[in-house]
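**Q** One letter stands for each residue in the lines below.
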Amino acid sequence: MNIFKYFGDIFGALKSLWGGMRVTGYYFVRPGKIVTQKYPENRKKLEMFERFKGEVIMIHDSNNQHTCTGCGICEINCPNGSIEIISNKITNAEGKSERIIDKHIYHLSMCTFCGLCIKTCPSKAIVWGQEFEHAVFDRQKLTKVLNHSDSSLKKETKKEIKEA
Amino acid sequence: MNFSIYDFTSFTKWIDNALNSSMSPGWAILVELVIIGIVFIAFYAVIGLYLVLAERKVCALIQNRLGPNRVGPIGMFQTIADLIKLLMKELIEIKHADKFLFNLAPFIVIIASFMAIAALPFAKGLHAIDLNIGIFYLFAVSSLGVIGILLSGWSSNSKYSLIGAIRSGAQVVSYELSVGLALLSVVIFSGTMQLSGIVESQANGWWIIKGHIPAIISFLIFLVASTAETNRGPFDLAEAESELTAGFHTEYSGIKFAFFFLAEYMNMFIVAAIAATVFLGGWMPFHIQGWEGMNNVMDYIPPFIWFFGKTIFVILVMMWFKWTFPRLRIDQLLTLEWKYLLPINLMNIVLIAFIVLMGWYIK
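Line by line, the protein sequences give chains A and F.
Mapping of the first sequence onto our numbering: position 154 corresponds to residue 154, and the numbering continues sequentially without gaps.
Mapping of the second sequence onto our numbering: position 221 corresponds to residue 221, and the numbering continues sequentially without gaps.
In isolation and in its complexed conformation, chain A is listed as follows:
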């Protein structure tokens, strides 16, 4: 065994071990870096992160309007059938037949939070909500209707959707 390699190994090892200990020592003396949240105590001012996947929600504006056209792409893309869309045909003011959603049903109990529905939604109608306290005493409550009652479709040009 080469004697220089032997001592080189020892000093190299000491140097790299010290490098590791510096990192852990840095965090040890800085309690300000702690990321743990004290959850039930800070429930009032708890802020979730933007990318957090709590549940699927549908955006409604102040006029109780959403952008869901009832195309059913989310329903097709859902891998385990958590989404059901019940749509209606109505005749609009110009006399043309038009499809609108009656109920956008979301089964939270079956959702795996993969996000395929949100990724594929062409009109950006559904997004991730930040709510995460989903515990209920009746599992029927986990089946949610995402569109509010008496809501209507917001007429938008395609450009507006892309900008949004």
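The hints are all genuine.
Dumping the calculated DSS-like pairs for lysine-lysine here, alpha-carbon to alpha-carbon at most 27 angstroms: (1) Lys124(A) x Lys53(A); (2) Lys339(F) x Lys15(A); (3) Lys85(F) x Lys57(F); (4) Lys119(A) x Lys53(A); (5) Lys85(F) x Lys38(A); (6) Lys210(F) x Lys15(A); (7) Lys57(F) x Lys45(A); (8) Lys155(A) x Lys96(A); (9) Lys144(A) x Lys44(A); (10) Lys57(F) x Lys33(A); (11) Lys141(A) x Lys124(A); (12) Lys99(F) x Lys85(F); (13) Lys103(A) x Lys155(A); (14) Lys103(A) x Lys119(A); (15) Lys339(F) x Lys5(A); (16) Lys141(A) x Lys119(A); (17) Lys141(A) x Lys45(A); (18) Lys103(A) x Lys144(A); (19) Lys155(A) x Lys124(A); (20) Lys57(F) x Lys38(A).
Worth flagging that the hints you see were computed from the coordinates, not collected in a lab.
Assemble chain F onto chain A, guided by the hints.
**A** Quick look at chain F alone, frame taken from chain A:
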């Protein structure tokens, strides 16, 4: 130098005389043994519980977590709650285990650590027993614990226990050498094996300062080797949760498991206390020769504060590298000992003998 204000010799002598005057010498010794036993059991309970808590807190801080914070202020009583839980758990009987050895093993492990703690000087005169071969005695009893570990692995009749015990055996037998040789370096410096004598020899400076480079090398080797000897991370492959579930104590439950757990943490305390006593001056205050004013101020700090302060420092360093480094493989572990630590240690001993012969250290 004036240590008389914190000298416990007269206090222990007074208890001894009082007992001897009121009963026959045989009974007096028995009563003394009982008193010391109770003191150490209480000490074990407190230190063991709070070392576990300290480990969990240190680990949490290093990993940017909070650690235990629900039971009591900042989780102060978490480990007490854990102990109550362990006491109330069922002691599971293994069908094909060797019952006698299975039940004996935890006691061997914990008795070995009790025997080691008896020799430690906590302050001047505060000694359970001051052997004139204290260091030698510590080598002897610190390797007894591995018998308990091997027995527990064998008698459990489980592959995980057996693999863990065999690994632990290989590990302790190897690293025993490095621990012994690292401590011998200070025996050469101080010229005595008596622990109180070693502490007294550090009145004008600790050996890690007086012995300069070779003493620092010995100290580092002692830290590594004693961590391995107590089966702590990064050398915890005798337990290795991720591969052996819990190694040699897989089959134990309830208070028997708690004994192994307590013994592990007490062994950590003991090796840290040995490191503090031998290299960092034990209960001896920090003295610099010639600076009489500062030395006198240091003398007013009680010796057990010095002792526990140094021990806690060493424990923190051991926890620090436990939570930094990944676990070694068994061949890496043996390579580290036989190819690196042992040759360096032997060379270091020769170097120290030469330095002591020429008088090239701070006297």
